[in-house]
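S.K.: Here are the chains, one letter per residue:
There are 2 protein chains.
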Amino acid sequence: MALIVHKYGGTSMGSTERIKNVAKRVAKWHDAGYQIVVVPSAMSGETNRLIGLAKELMPQPNPRELDMLASTGEQVSVALLAMALQAIGKEAVSYAGWQVAIKTDSAFTKARIQSIDDVKVKKDLDAGRIVIITGFQGVDDDGNIATLGRGGSDTSAVAVAVALQAQECLIYTDVDGVYTTDPRVVSEARRLNTVTFEEMLEMASLGSKVLQIRSVEFAGNYKMPTRVLSSLTDPLMSLEEEAKSGTLISFEEDTNMEQAAITGIAFNRDEAKITVLGVPDRPGIAYQILGPIAAANVEVDMIIQNQSVDGKTDFTFTVPRSEYAKAVDVLNDSVKAHIGAASIQGDTKVSKVSVVGVGMRSHVGIASQMFRTLSEEGINIQMISTSEIKISVLIDEKYMELAVRALHKTFDLEKNN
Amino acid sequence: MALIVHKYGGTSMGSTERIKNVAKRVAKWHDAGYQIVVVPSAMSGETNRLIGLAKELMPQPNPRELDMLASTGEQVSVALLAMALQAIGKEAVSYAGWQVAIKTDSAFTKARIQSIDDVKVKKDLDAGRIVIITGFQGVDDDGNIATLGRGGSDTSAVAVAVALQAQECLIYTDVDGVYTTDPRVVSEARRLNTVTFEEMLEMASLGSKVLQIRSVEFAGNYKMPTRVLSSLTDPLMSLEEEAKSGTLISFEEDTNMEQAAITGIAFNRDEAKITVLGVPDRPGIAYQILGPIAAANVEVDMIIQNQSVDGKTDFTFTVPRSEYAKAVDVLNDSVKAHIGAASIQGDTKVSKVSVVGVGMRSHVGIASQMFRTLSEEGINIQMISTSEIKISVLIDEKYMELAVRALHKTFDLEKNN
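Just so you know, the sequences run in chain order S and H.
In terms of UniProt numbering, the first sequence is residues 1 to 417.
In terms of UniProt numbering, the second sequence is residues 1 to 417.
What the hints contain is simulated information worked out from the structure, not anything from laboratory work.
None of these values were measured; they are calculated from a predicted model.
For each residue, glycine too, the CB sits at the ideal point set by N, CA and C.
Hints are all accurate, no fakes.
Covered by chain H, per the in silico footprint, the following chain S stretches (three or more residues, Cβ under 8 Å):
#1 51-57
#2 84-90
Only pairs whose alpha carbons sit at most 25 Å apart, straight line, appear in this in silico DMTMM-like list of lysine to aspartate or glutamate:
#3 H:223 with H:118
#4 H:122 with S:140
#5 H:120 with S:141
#6 H:123 with S:105
#7 S:122 with H:141
#8 S:90 with H:56
#9 H:103 with S:117
#10 H:90 with S:56
#11 H:90 with S:142
#12 S:103 with H:142
#13 S:120 with H:105
#14 H:28 with S:56
Using the sequences and the hints given, assemble the complete structure.
M.R.: Right, here's the structure in full:
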């Protein structure tokens with residue numbers, strides 16, 4: 001009997017009425033003959049409520065105790081969902097991560113899953129029970145509860161699917177799939193039927209927050225077919241239709257030669273650019289600039305070092321906008337004089353736009369088509385960065401929507417591929 | 001170093017401000033050189049909130065899942081209290097029952113503690129840490145969470161104190177001790193400095209709901225000195241004063257000959273009386289009447305069978321008032337015709353009043369003094385039941401307060417004993 005893992009987000013679990021709908025949907029799959037494991041998130045708002053209480057006691061709560069606290073949200077969800085299933089005549093049993101056990105390391109609030117014991121769960125499934133497992137959490141070697149960090153339930157669901165060798169992992173969420181770009185920016189944005197793991201990884205890391213990036217890595221590493229689909233549809237819609245809805249993250253690149261070059265346009269408004277001017281061009285200079293930035297826990301995204309002129313060069317990088325002031329302080333306090341730089345300049349009104357697609361590998365001229373389109377719209381490119389399946393540009397934030405719309409059109413993304 | 005167990009009720013844990021006060025009080029004891037284990041309840045209202053959610057899904061929620069759900073309330077409390085202690089510079093660590101482990105049987109929602117492993121806790125205490133353990137819950141042999149039922153945190157605290165061989169178990173609550181009777185009924189009611197375990201047991205079972213009865217049994221079985229005291233005092237009051245406040249449940253009867261005969265007057269408004277008239281007086285008749293009542297989960301309190309006349313007798317018993325209708329239905333449906341009883345009569349306007357005291361053993365005439373007092377007030381006694389240290393009477397509910405006041409006065413309970 002094929003095993004399917006369902007994951008439901010906090011919105012889907014947000015009230016007992018919604019939990020009843022989740023139960024109906026799960027029961028429908030079980031009635032159709034599937035073995036079902038469900039990984040629900042905490043009821044929406046619950047995790048924030050708990051963390052709010054903690055912060056009333058300590059501005060920086062102890063991570064172990066924070067995990068002890070926050071993990072209760074998912075425990076409430078699994079028990080309620082088990083009851084909702086029992087209320088409609090299904091045998092169901094809930095487990096906290098430690099009961100399964102889902103073993104993690106001891107990096108509280110950002111733990112990583114190390115192993116999942118499948119004995120208990122398989123026994124229940126073989127007995128015809130629906131098994132419900134807390135997302136977001138596991139237990140370390142010393143028996144402490146450790147959580148996986150925000151959005152960690154996606155990762156739990158994929159990891160459980162991998163451990164149980166599920167046929168597919170279905171991530172039910174409040175969007176109905178992955179789009180060519182944000183429909184709020186481009187009304188012609190189109191839902192993708194499939195996206196490759198690598199594309200999804202680039203889309204997720206570029207600000208398309210449908211799935212937690214770690215869950216995509218996990219799905220990719222273990223080649224677990226994972227589908228993002230809507231939890232807002234009628235729970236009793238036909239199973240055949242539901243099973244094909246949403247977006248499947250696949251692991252086989254389409255070999256169709258007619259495949260579109262570009263899959264989607266991602267963007268990130270939240271960028272800031274910092275340039276260190278007049279830097280002596282000598283070995284180790286990048287480390288001397290970025291070492292202190294990393295030590296201050298500021299994440300650096302794009303990095304560019306210009307060709308040097310007269311032994312001096314300019315060094316430019318981007319950081320999240322909220323970290324800009326901290327990064328500039330670090331440079332002024334610990335870097336500028338030390339390396340003998342001329343000055344520090346910055347710009348917080350920049351955004352990043354990226355075209356993503358595995359088709360890029362077999363299509364030439366994607367970059368020039370992108371740059372021509374931006375040029376025709378009069379948009380100046382401030383930085384460029386590329387990977388095998390992605391080209392990103394940094395531009396003035398006021399042109400961001402314009403750029404996304406123009407690129408969506410030039411790569412024909414509104415048409416079915 | 002002496003070990004003390006503190007237990008705090010839901011009201012004391014009701015907000016982060018109150019949790020900070022609990023932390024100050026605990027820290028004061030720790031500063032004075034005691035090893036401290038704290039067993040807090042769920043924040044007030046939380047358990048009801050969770051059970052309310054469950055009942056929206058199922059009128060009779062599955063007990064295992066109900067325990068999975070309800071146990072989260074205490075887990076939230078222990079984590080928050082650990083943070084509150086850390087915030088004032090104390091090393092503290094929280095554990096859920098399964099982490100300790102507190103092992104229970106599998107009687108979900110009314111489990112009994114079987115054993116407590118002290119290894120982890122002792123290690124923490126020896127390292128100078130304050131240990132905080134969830135009340136109300138443990139884990140069964142199969143790794144399922146099981147709760148001890150309402151008020152179970154009192155039992156957890158006493159059980160933890162026994163397992164760790166604590167010097168004393170302090171139950172902080174929203175009353176400042178055990179009184180000779182309810183001060184809302186008799187304004188002269190006096191707080192008792194000590195009460196024996198057996199008296200406390202009778203008081204608790206008779207409706208003086210200061211402590212869960214099971215915790216008193218536990219304290220009694222293991223002779224754990226247990227003190228009920230107020231959590232509403234200034235948390236920084238002198239420790240010497242606090243250590244002597246409230247009421248100590250002791251295990252040595254005072255051998256002072258001048259000891260008062262009676263310790264307190266307990267009462268229970270919530271009684272209903274049922275009489276089965278014209279019952280054939282033959283062996284097994286009590287079981288034929290009460291068996292179906294027990295099978296319907298109705299708890300029976302006082303039972304009286306009259307001397308038979310002409311082979312017929314009357315059989316009278318009391319039940320909680322809320323169960324009266326159910327009990328009468330059971331008798332009419334399954335008992336009356338079957339045993340050939342003449343009729344069923346009942347009265348829901350009755351109350352029980354009891355005088356309690358170990359001194360009764362060495363004082364004669366307590367019963368007659370009680371009956372004379374009631375007679376002088378014109379109060380008719382409907383039923384009488386006695387134990388070694390208690391005499392209970394059932395009377396018309398409208399005389400209950402009058403009876404309690406008159407008995408409180410006649411046994412000189414307003415005076416220090």
